[in-house]
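Residues per chain, in single letters:
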Amino acid sequence: SQQGEEDPQALSIQEGENATMNCSYKTSINNLQWYRQNSGRGLVHLILIRSNEREKHSGRLRVTLDTSKKSSSLLITASRAADTASYFCATDMDSSYKLIFGSGTRLLVRP
Amino acid sequence: DGGITQSPKYLFRKEGQNVTLSCEQNLNHDAMYWYRQDPGQGLRLIYYSQIVNDFQKGDIAEGYSVSREKKESFPLTVTSAQKNPTAFYLCASSLEGGTIHEQFFGPGTRLTVL
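Protein chains in written order, with our numbering: chain A, 75 to 185; chain B, 15 to 128.
By construction, these hints were calculated from the structure, which means they are not laboratory data. Be aware that one or more of the hints could be misleading.
Claimed, not checked - List time: in silico EDC-like cross-link candidates among lysine to aspartate or glutamate, alpha-carbon distance up to 20 Å:
1) Lys130/A - Glu116/B
2) Lys172/A - Asp73/B
3) Lys172/A - Glu29/B
4) Lys172/A - Asp68/B
Whenever a hint applies, use it, and build me the whole structure from the sequences.
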């Protein structure tokens, strides 16, 4: 079964608006990563957040992690049409050597 | 120009045939991975290798085989034993094994069984 699940499955917003995607997971983790995938392409790493961190920023991206709720959120501020993509969270399980990917949120940013 | 490459981009196979997907990286990474992605789904791990000459099964290894004879190469063979091989296959690498490092992905190979 999936370790991480994103919510919502699909999101459509207007350019300039903020986009928030959520990821929930089931077991304790060492770290959580967010990736972006443009249609038909490979994934690109966005941010890694460790289990002892609560928030990280990278440009227009803000990631939060709440280990008590076993959830993370990815906020994209001032969205652009080029942000249109699928976004995946990837978690490990404590003592695991592999990442487990969720099924993703498909983001559409309308010009 | 550093990165990870996969070939071919599109691959068609007849039922009953084995086919090998290529993955090469020049990032000097120790760890390499193969994932399968079905439409609208996330990635599922097929095999991974933390170091040359060593590899482990992932969650869906049945019907697949790999080798890691060189650090830069991690080919995946889809055998006739794989019942539903039509999918998008992604190769990735990371500096070392474990989950603390980001993974770098290739552009993918789309395999279609005719």
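Exercise. Hints broken by the structure, by number, lowest first?
Worked result: 3
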